[in-house]
Amino acid sequence: MKRIYADLHLCPNLRDMEKVSNMINKASRLEYRLIAITFPLNAKREEIERIRDISREYKIDLASRIDLKPKSPKELIQYLRKLRRKFEIIAVICESKTVARQAAKDRRVDLLNFPSPNTHRRFFDTAEAELASKALASLEIDIKPLLILEGPARVRLLSSLRREAAIAQKFHVPIVMSSGASDEFFMRKPRDMAALASLFDLDEVSALDAVSKNPTQIVKRNRENLSPKFVAPGIKVIRKGKDC
Amino acid sequence: MDAVWSAVSKLYGEYGASQTGLTLIDYNMEKGFAIIRAVHTAVNMVRTALASITKIENKPAAIHVLIVSGTIRALHKKLENRLL
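Protein sequence lines correspond, in order, to chains A and B.
Just add 271 to the spot in the first sequence (first one is 1) and you have the numbering used here.
Just add 6 to the spot in the second sequence (first one is 1) and you have the numbering used here.
Incorrect hints may appear among the rest.
[Stated by the list, open to error] The calculated DSS-like cross-link candidates involving lysine-lysine, where the alpha carbons are at most 25 Å apart (straight line), are:
1. B/K83 with A/K441
2. B/K84 with A/K415
3. B/K83 with A/K290
4. A/K273 with A/K290
5. A/K290 with B/K65
6. A/K441 with A/K376
7. A/K460 with B/K16
8. A/K357 with A/K491
9. A/K513 with A/K491
10. A/K340 with A/K415
11. A/K357 with B/K61
12. A/K491 with A/K507
13. B/K65 with A/K273
14. A/K491 with A/K405
15. A/K297 with A/K345
16. A/K340 with A/K357
17. A/K507 with A/K357
18. A/K376 with B/K16
19. A/K484 with B/K65
20. A/K460 with B/K83
21. A/K290 with B/K16
22. A/K273 with B/K61
23. B/K83 with A/K415
24. A/K460 with B/K61
25. B/K65 with A/K330
26. A/K368 with A/K342
27. B/K37 with A/K460
28. A/K297 with B/K65
29. A/K330 with A/K273
30. B/K37 with A/K290
31. B/K37 with A/K297
32. B/K37 with B/K84
Simulated from the structure, these hints should not be mistaken for laboratory data.
The model shown is predicted, which means the values in this text are computed figures rather than measured ones.
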């Protein structure tokens with residue numbers, strides 16, 4: 272079966288609609304069929320729908336995403352309570368260990384993102400992976416830092432990513448590879464993204480899953496959960512009427 | 007081609023670069039594509055190196071792999087089909 276490729280982390284400047292449109296067009300030309308754009312906390316439904324319409328023109332499916340940067344676990348829980356039903360994808364930018372742990376064990380979190388290139392500020396270890404595997408959260412790896420950094424900084428980042436990818440595979444935590452692009456120049460073809468994954472020892476099938484199967488599953492699952500027919504995990508309304 | 011060699015050397019070192027067998031076969035400036043030959047066992051290395059290029063002569067740039075083929079003849083056929 273032909274793979275459906277997805278890039279779940281595009282962050283264009285939403286004030287510049289021409290740039291947004293260009294990035295969506297580029298994603299379509301690079302053979303993506305599903306993208307997610309990061310919206311601000313106060314994004315209005317009309318704004319999301321307007322960009323969804325642009326995506327439809329380029330025959331590409333758009334998922335709404337929010338990046339949460341909480342300072343404490345309590346703040347994260349408050350954000351999740353407020354925003355879970357508003358966005359299709361929730362990613363948590365883990366900048367502290369307590370936030371990372373809370374995000375990993377909360378079933379409402381889809382993606383765990385560790386932006387710091389500093390090894391000591393990345394908190395994806397075995398304990399984190401164990402929590403994430405029970406709660407369905409995925410590890411997100413952005414390729415933008417890999418492209419920007421050079422020399423010893425890139426070497427250190429690759430070393431961290433290699434360790435994290437191995438831990439994620441050991442604990443069956445899905446890995447999602449995204450571009451993290453704010454500009455067209457940082458967008459790459461899905462196969463090229465998968466090739467970049469070889470730099471941190473991800474095998475070809477796992478790398479291709481990281482740009483197709485894993486991200487599409489998250490969006491599919493969340494769309495089912497956000498649908499009005501959803502009652503509880505495994506239960507949904509099939510039909511309404513007197514004789515049900 | 008300097009950018010490609012530089013990217014391969016940065017990622018895999020001179021030893022790795024020597025295993026790729028990189029050669030520029032054709033470069034079409036108008037259409038913006040090039041044909042590069044590489045040893046088939048090093049295709050993934052070259053693909054990775056091409057994806058890691060963000061600048062050419064200090065100007066922002068990105069290189070995307072269009073087609074990979076075993077022979078240049080087959081490559082041209084695939085390219086024609088793609089451009090049609």
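Taking the hints in turn, this is what the structure says about them:
no., hint, result
1, B/K83 with A/K441, "43 Å, violated"
2, B/K84 with A/K415, "31 Å, violated"
3, B/K83 with A/K290, "34 Å, violated"
4, A/K273 with A/K290, "30 Å, violated"
5, A/K290 with B/K65, "19 Å, holds"
6, A/K441 with A/K376, "17 Å, holds"
7, A/K460 with B/K16, "21 Å, holds"
8, A/K357 with A/K491, "15 Å, holds"
9, A/K513 with A/K491, "30 Å, violated"
10, A/K340 with A/K415, "19 Å, holds"
11, A/K357 with B/K61, "38 Å, violated"
12, A/K491 with A/K507, "15 Å, holds"
13, B/K65 with A/K273, "36 Å, violated"
14, A/K491 with A/K405, "19 Å, holds"
15, A/K297 with A/K345, "39 Å, violated"
16, A/K340 with A/K357, "17 Å, holds"
17, A/K507 with A/K357, "19 Å, holds"
18, A/K376 with B/K16, "39 Å, violated"
19, A/K484 with B/K65, "35 Å, violated"
20, A/K460 with B/K83, "22 Å, holds"
21, A/K290 with B/K16, "31 Å, violated"
22, A/K273 with B/K61, "32 Å, violated"
23, B/K83 with A/K415, "34 Å, violated"
24, A/K460 with B/K61, "17 Å, holds"
25, B/K65 with A/K330, "31 Å, violated"
26, A/K368 with A/K342, "10 Å, holds"
27, B/K37 with A/K460, "19 Å, holds"
28, A/K297 with B/K65, "19 Å, holds"
29, A/K330 with A/K273, "17 Å, holds"
30, B/K37 with A/K290, "23 Å, holds"
31, B/K37 with A/K297, "17 Å, holds"
32, B/K37 with B/K84, "16 Å, holds"
Consistency with the previously given hints fails for numbers 1, 2, 3, 4, 9, 11, 13, 15, 18, 19, 21, 22, 23, 25, ordered from lowest to highest.
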